[in-house]
Amino acid sequence: MADNPNPDMDVIEPAAPPRKKRGIVRRAFLVGSALLVGGGVFGVHWSDRSANARAKALTETGNDHNFLSWMKIAEDDTVTVYSPHIDFGQGTHTAMGQMLADELDADWSKVKVEQAPADLAFANAALGRGFLADTSGVPGVINALPNAVMAMLARSMPLQITGGSSAVRFTGQVGMRVVGASVRLALIEEAADRLGVPASELTTSDSKVIHAKSGKSLRYGELAAGAAERSLTGSPELKTRKDYKLIGKPIPRIDIPAKVDGSAKYGIDLILPDMRVATIAAAPVRGGKLVSVDEKPALAVAGVEKVIRLDDAVVVVAKRYWQALKGLQALSPQFSDGSHGALSSETVHAAQVKLRETGKPEGEAGDGDVAAAFGAPGARVVTADYRVPFLHHAMMEPFALTGHYKDGKLTLWGGLQDPLTTRTRAAEAAGLDVDAVAFNPMIMGGGFGRRFPNVTEIVDQIAVIAKQVPYPVKLVWSREEEVRHGTYRPQSSSQFKAALDKDGRIAAWQADYVQSDTAEGEVTFIYDIPAVSRRHFKYQSNQNDGPWRSVNSTQFGFYNESFMDELAKEAGEDPYQFRRKHLAEGSRHRAVLDAVAKRSGWGTPLPEGVGRGIAIVESFGTIVAEVVEATVKEDGRPKVLKAWAVVDCGTTVNPLNAEAQIAGGLIMGLSSAIGEEITLDKGAVVQSNFNDYEIIRLADAPPMIDVHFIESGAKIGGIGEPGVPPATPALANALFAATGKRVRTLPLRDQAKV
Amino acid sequence: MQHFSDHPGEQGVAIDFKVNGRQVSVEADADTPLLWVLREDLEMTGTKFGCGIAACGACSVHVDGQITRSCSVPIADIAGKSVTTIEGLKSADGTLHAVQQAWIEAQVPQCGYCQSGQIMAAVALIERTGSPSDEQIDEAMTNICRCGTYPRIRKAILAATGKAAAASAPAMGDA
Numbered sequence: 001m002a003d004n005p006n007p008d009m010d011v012i013e014p015a016a017p018p019r020k021k022r023g024i025v026r027r028a029f030l031v032g033s034a035l036l037v038g039g040g041v042f043g044v045h046w047s048d049r050s051a052n053a054r055a056k057a058l059t060e061t062g063n064d065h066n067f068l069s070w071m072k073i074a075e076d077d078t079v080t081v082y083s084p085h086i087d088f089g090q091g092t093h094t095a096m097g098q099m100l101a102d103e104l105d106a107d108w109s110k111v112k113v114e115q116a117p118a119d120l121a122f123a124n125a126a127l128g129r130g131f132l133a134d135t136s137g138v139p140g141v142i143n144a145l146p147n148a149v150m151a152m153l154a155r156s157m158p159l160q161i162t163g164g165s166s167a168v169r170f171t172g173q174v175g176m177r178v179v180g181a182s183v184r185l186a187l188i189e190e191a192a193d194r195l196g197v198p199a200s201e202l203t204t205s206d207s208k209v210i211h212a213k214s215g216k217s218l219r220y221g222e223l224a225a226g227a228a229e230r231s232l233t234g235s236p237e238l239k240t241r242k243d244y245k246l247i248g249k250p251i252p253r254i255d256i257p258a259k260v261d262g263s264a265k266y267g268i269d270l271i272l273p274d275m276r277v278a279t280i281a282a283a284p285v286r287g288g289k290l291v292s293v294d295e296k297p298a299l300a301v302a303g304v305e306k307v308i309r310l311d312d313a314v315v316v317v318a319k320r321y322w323q324a325l326k327g328l329q330a331l332s333p334q335f336s337d338g339s340h341g342a343l344s345s346e347t348v349h350a351a352q353v354k355l356r357e358t359g360k361p362e363g364e365a366g367d368g369d370v371a372a373a374f375g376a377p378g379a380r381v382v383t384a385d386y387r388v389p390f391l392h393h394a395m396m397e398p399f400a401l402t403g404h405y406k407d408g409k410l411t412l413w414g415g416l417q418d419p420l421t422t423r424t425r426a427a428e429a430a431g432l433d434v435d436a437v438a439f440n441p442m443i444m445g446g447g448f449g450r451r452f453p454n455v456t457e458i459v460d461q462i463a464v465i466a467k468q469v470p471y472p473v474k475l476v477w478s479r480e481e482e483v484r485h486g487t488y489r490p491q492s493s494s495q496f497k498a499a500l501d502k503d504g505r506i507a508a509w510q511a512d513y514v515q516s517d518t519a520e521g522e523v524t525f526i527y528d529i530p531a532v533s534r535r536h537f538k539y540q541s542n543q544n545d546g547p548w549r550s551v552n553s554t555q556f557g558f559y560n561e562s563f564m565d566e567l568a569k570e571a572g573e574d575p576y577q578f579r580r581k582h583l584a585e586g587s588r589h590r591a592v593l594d595a596v597a598k599r600s601g602w603g604t605p606l607p608e609g610v611g612r613g614i615a616i617v618e619s620f621g622t623i624v625a626e627v628v629e630a631t632v633k634e635d636g637r638p639k640v641l642k643a644w645a646v647v648d649c650g651t652t653v654n655p656l657n658a659e660a661q662i663a664g665g666l667i668m669g670l671s672s673a674i675g676e677e678i679t680l681d682k683g684a685v686v687q688s689n690f691n692d693y694e695i696i697r698l699a700d701a702p703p704m705i706d707v708h709f710i711e712s713g714a715k716i717g718g719i720g721e722p723g724v725p726p727a728t729p730a731l732a733n734a735l736f737a738a739t740g741k742r743v744r745t746l747p748l749r750d751q752a753k754v
Numbered sequence: 001m002q003h004f005s006d007h008p009g010e011q012g013v014a015i016d017f018k019v020n021g022r023q024v025s026v027e028a029d030a031d032t033p034l035l036w037v038l039r040e041d042l043e044m045t046g047t048k049f050g051c052g053i054a055a056c057g058a059c060s061v062h063v064d065g066q067i068t069r070s071c072s073v074p075i076a077d078i079a080g081k082s083v084t085t086i087e088g089l090k091s092a093d094g095t096l097h098a099v100q101q102a103w104i105e106a107q108v109p110q111c112g113y114c115q116s117g118q119i120m121a122a123v124a125l126i127e128r129t130g131s132p133s134d135e136q137i138d139e140a141m142t143n144i145c146r147c148g149t150y151p152r153i154r155k156a157i158l159a160a161t162g163k164a165a166a167a168s169a170p171a172m173g174d175a
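Taken in sequence, the protein lines are chains V and P.
Numbering-wise (full-length UniProt numbering), the first sequence opens with residue 1 and increments by one.
Numbering-wise (full-length UniProt numbering), the second sequence opens with residue 1 and increments by one.
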């Protein structure tokens with residue numbers, strides 16, 4: 001039985017190129033002038049109708065009318081919003097719908113949000129523009145894009161990716177709201193003509209245009225056909241906060257009902273007629289190649305049909321997953337080690353230390369004369385070294401991607417963060433033109449940075465495998481394969497040195513960081529210190545590194561906020577007050593820090609053996625301070641009792657969902673702090689599954705997490721990632737407060753045991 | 001009885017059991033885990049594959065009323081038994097189980113992938129204890145949720161059993 005995951009956009013046929021000139025295809029509109037937050041006018045220039053025509057062809061079904069690619073209105077008043085982003089649990093689709101529907105004055109009960117097809121017609125100008133304009137938290141994501149996309153990005157070119165906590169910040173603010181507001185004006189104009197009244201006498205509400213004087217009204221569905229023929233303004237006036245009906249409201253998420261009755265279809269759930277299932281084992285040492293394999297033991301397993309050799313992996317194709325897995329386990333493939341056989345976590349660390357001591361930094365940031373400050377009379381110099389391991393994403397849905405190669409065309413189904421690059425990448429691997437590849441995005445069982453097509457091999461793998469079999473084939477990675485062949489948060493280390501002056505203020509701050517990419521752009525250095533030097537050294541192991549929820553902000557957050565705590569101790573000051581005096585007066589940072597101290601009862605007495613820790617990190621344009629109350633259990637491991645988070649992301653679009661994102665991020669940060677670690681031995685990953693890669697369970701997660709938002713009205717920041725970074729240092733700092741033991745190497749495990 | 005006999009394996013055996021009240025007969029290799037029979041032979045994909053070693057609980061179902069991680073139970077052991085999956089929690093008229101309703105009310109799922117297993121574990125816990133304490137919730141709810149929905153899971157379980165969830169619920173904003 002075919003299992004259609006998304007009936008409205010099942011198979012997106014690889015369509016003809018939208019124009020003859022290859023390479024540059026303009027999007028539906030380009031963003032013009034600067035963004036005004038809250039209300040006001042956006043300068044948006046609608047250009048090039050060809051993308052819009054394409055979107056119409058892809059989305060209209062006969063009794064509905066597409067507007068500006070990103071939405072359509074049906075004659076029964078149903079509004080369908082096409083989100084170019086992927087929703088892997090962060091509530092993006094609901095937020096996109098809220099933002100558009102609010103400006104449109106649509107009846108929320110008649111609004112649907114769907115995944116936009118993987119097509120240039122839906123590539124996201126707002127996102128590219130946001131990335132280019134925003135310097136505070138996205139280079140890591142951009143780094144994860146292939147050169148081709150980087151080049152496109154520079155020209156504000158096709159982007160349909162999800163990452164960098166970007167959806168609401170860029171697409172929502174600059175795209176969805178403007179589309180909704182423009183279409184509303186077109187509906188009003190249409191109604192004015194039909195009713196023969198001036199547009200100024202008309203108002204809108206609940207998907208109707210209303211003429212109060214005459215008591216007449218027209219439904220959006222009745223007006224859609226006419227409105228769709230009208231030219232749309234590119235600079236509609238947007239609502240101000242006081243007029244919001246949906247933005248900022250705790251609207252239940254639209255995706256949740258299907259996630260409680262088992263009906264939501266994830267990539268791994270796809271079943272097609274005649275489909276086969278494949279599973280794979282890649283070289284245990286990344287960089288190694290498949291040397292030899294005797295296929296016979298696998299082919300002897302019932303149901304196994306084919307063994308496929310890839311350059312660095314072996315694949316078994318069978319009728320069922322269990323048969324494929326048994327077939328794979330029956331094989332004894334020989335792999336080379338790519339001359340990485342001597343590598344271990346310790347050799348990586350030793351190389352990082354050596355690089356830091358004798359190498360040349362790739363990047364440097366900061367102001368002031370650090371050397372002079374260290375040499376100043378009376379300066380107290382403090383140093384500390386920190387270290388964090390590789391981290392696995394542990395998305396709960398193991399990787400699965402289905403491919404069907406037929407008549408020279410390759411169709412893919414599954415969950416990846418960047419549908420357009422998925423097509424490009426698959427086309428390259430399969431030796432096909434990109435227009436011969438279609439991709440059908442499906443629901444993702446978690447992502448956390450793991451599902452960028454260019455930082456995983458599965459896209460290339462399925463493209464090659466599908467070309468070798470005459471039927472649809474679903475490639476499913478075992479959990480073991482996923483744990484051992486991840487694109488990890490990089491193993492990283494740092495050395496800090498600071499000078500305290502006689503008043504206990506930080507006079508100089510020097511930090512040397514080593515990891516696989518120089519990620520200075522990822523951390524916003526928030527403290528007011530006269531002399532700062534931050535140096536980045538680049539060390540690449542044999543492992544694939546990639547963005548891990550909040551990209552590099554977790555390790556930098558841990559380093560900076562642990563060291564601030566150490567300096568507070570050295571200065572003999574309270575960790576909250578010490579941070580506070582190094583944050584500018586009247587700043588958003590100070591307001592966030594003050595609020596978390598107040599809400600958590602900072603300074604009030606605690607039971608013996610319980611400690612409080614505080615940390616503040618800005619990432620993706622959002623400032624988050626967290627306080628954790630923790631103790632050490634009998635087995636020496638941390639127990640988090642309570643946690644608080646205060647968040648300034650400018651404006652929350654959906655507070656109910658924003659709270660979930662921050663609390664979930666906080667828990668993920670605690671999990672990584674307590675027990676998560678990928679280590680290398682003889683060049684290969686040691687861990688294999690959830691028995692040795694420890695994820696926090698309910699019993700160890702704080703039962704109480706107080707999340708508070710400061711609605712500062714500042715430029716809207718991300719919400720999916722910024723909850724993570726402060727959690728780890730807040731916990732380490734709480735353990736220090738509880739036990740006096742400072743842990744500088746993660747994971748914490750039982751290191752704080754007294 | 002419904003037969004699922006298109007199984008291609010040459011060493012397949014016929015196993016009869018009940019799924020969500022429906023009698024089925026499946027031909028499968030005897031060592032095939034229940035999970036894969038549910039997902040691939042019966043095409044009931046609400047039960048999820050997470051780890052394959054009974055460590056994460058994404059595949060949780062009820063076997064004769066007992067919470068069971070279906071990735072690690074061979075189908076041969078299921079013969080004659082009665083299995084309930086996430087698809088079978090609704091009542092015949094389509095009304096959601098009280099736990100499913102509580103899950104929507106508390107807006108628990110994020111990515112949602114682990115939630116079938118979480119809900120099955122919660123239903124089993126409530127059936128066993130009536131009204132579980134926080135400690136019983138800690139002990140029984142060992143399924144992994146990577147999105148970190150644990151506070152809302154706890155809140156939903158307490159709400160489903162009529163307990164005020166105030167003490168354990170995540171606080172909201174200025175509320």
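Just so you know, the hints here were simulated from the structure itself, not pulled from any lab data.
Owing to the predicted nature of the structure, the values given are computational and were not obtained by experimental measurement.
Every residue, glycine too, gets a C-beta built ideally from N, C-alpha and C.
Mixed in with the good hints, there may be bad ones.
To be verified - A partial selection of chain V residues facing chain P, derived with a Cβ cut-off under 8 Å: (1) Ala74; (2) Thr78; (3) Arg253; (4) Glu570; (5) Ala571; (6) Gly572; (7) Met668.
Stated by the list, open to error - DSS-like mimics (lysine-lysine), calculated; alpha carbons at most 30 Å apart, straight line: (8) Lys538(V) / Lys497(V); (9) Lys163(P) / Lys319(V); (10) Lys112(V) / Lys245(V); (11) Lys81(P) / Lys110(V); (12) Lys409(V) / Lys56(V); (13) Lys538(V) / Lys360(V); (14) Lys598(V) / Lys81(P); (15) Lys163(P) / Lys112(V); (16) Lys639(V) / Lys163(P); (17) Lys319(V) / Lys81(P); (18) Lys163(P) / Lys90(P); (19) Lys163(P) / Lys249(V); (20) Lys538(V) / Lys319(V); (21) Lys81(P) / Lys633(V); (22) Lys90(P) / Lys265(V); (23) Lys642(V) / Lys18(P); (24) Lys18(P) / Lys265(V).
Going through the hints against the structure:
1. Against a cut-off of 8 Å between C-beta atoms, the interface hint on Ala74(V) is violated, since the closest Cβ of chain P lies about 26 Å away.
2. The interface hint given for Thr78(V) is broken, as the beta carbon of that residue sits about 22 Å from the closest beta carbon of chain P, more than 8 Å.
3. Interface restraint check for Arg253(V): the shortest CB-CB distance to chain P comes to about 6 Å, inside 8 Å, so the restraint holds.
4. For Glu570(V), the suggested interface contact is broken, since its CB lies about 34 Å from the closest CB of chain P, more than 8 Å.
5. Hint status for Ala571(V) relative to chain P: violated, with the closest Cβ pair at about 33 Å, above 8 Å.
6. The beta carbon of Gly572(V) is not positioned within 8 Å of any beta carbon in chain P (closest approach about 33 Å), and the interface hint is therefore violated.
7. With its C-beta approaching chain P no nearer than about 5 Å, Met668(V) sits inside the 8 Å limit, and its interface hint holds.
8. Straight-line distance between C-alpha atoms of Lys538(V) and Lys497(V) comes to about 19 Å, which keeps the hinted pair within the 30 Å bound.
9. Distance check on the hinted pair: Lys163(P) and Lys319(V) sit about 48 Å apart at the alpha-carbon level, beyond 30 Å; violated.
10. Annotation: proposed proximity of Lys112(V) to Lys245(V) holds, straight-line Cα distance about 17 Å (limit 30 Å).
11. Restraint check: the Cα-Cα separation between Lys81(P) and Lys110(V) comes to about 44 Å, which exceeds 30 Å; the hinted pair is violated.
12. Of the supplied pair hints, the one linking Lys409(V) and Lys56(V) holds, its CA atoms being roughly 23 Å apart against a limit of 30 Å.
13. At most 30 Å may separate the alpha-carbon atoms for a hinted pair to count; Lys538(V) and Lys360(V) meet this at roughly 9 Å.
14. For the hint linking Lys598(V) to Lys81(P), the alpha-carbon distance of about 56 Å lies beyond 30 Å, and the restraint is violated.
15. Pair hint Lys163(P) plus Lys112(V) does not hold up; C-alpha atoms about 34 Å apart against a cutoff of 30 Å.
16. Straight-line distance between C-alpha atoms of Lys639(V) and Lys163(P) comes to about 25 Å, which keeps the hinted pair within the 30 Å bound.
17. Distance hint between Lys319(V) and Lys81(P) is fulfilled; the C-alpha atoms sit about 26 Å from each other, no more than 30 Å.
18. Restraint check: the Cα-Cα separation between Lys163(P) and Lys90(P) comes to about 22 Å, which is no more than 30 Å; the hinted pair holds.
19. Simply put, Lys163(P) and Lys249(V) have alpha-carbon atoms about 26 Å apart, close enough for the 30 Å limit, and the pair holds.
20. In summary, the hint linking Lys538(V) to Lys319(V) is not supported, as the alpha carbons are separated by about 46 Å, beyond the 30 Å threshold.
21. A hinted pair counts as satisfied when its Cα atoms are at most 30 Å apart, and Lys81(P) with Lys633(V) does not qualify at roughly 41 Å.
22. A hinted pair counts as satisfied when its Cα atoms are at most 30 Å apart, and Lys90(P) with Lys265(V) qualifies at roughly 18 Å.
23. Between Lys642(V) and Lys18(P), the direct Cα distance comes to roughly 44 Å. Violation of the 30 Å bound is thereby established for this hinted pair.
24. Only pairs whose Cα atoms come within 30 Å are accepted, and Lys18(P) paired with Lys265(V) is accepted, the gap being roughly 24 Å.
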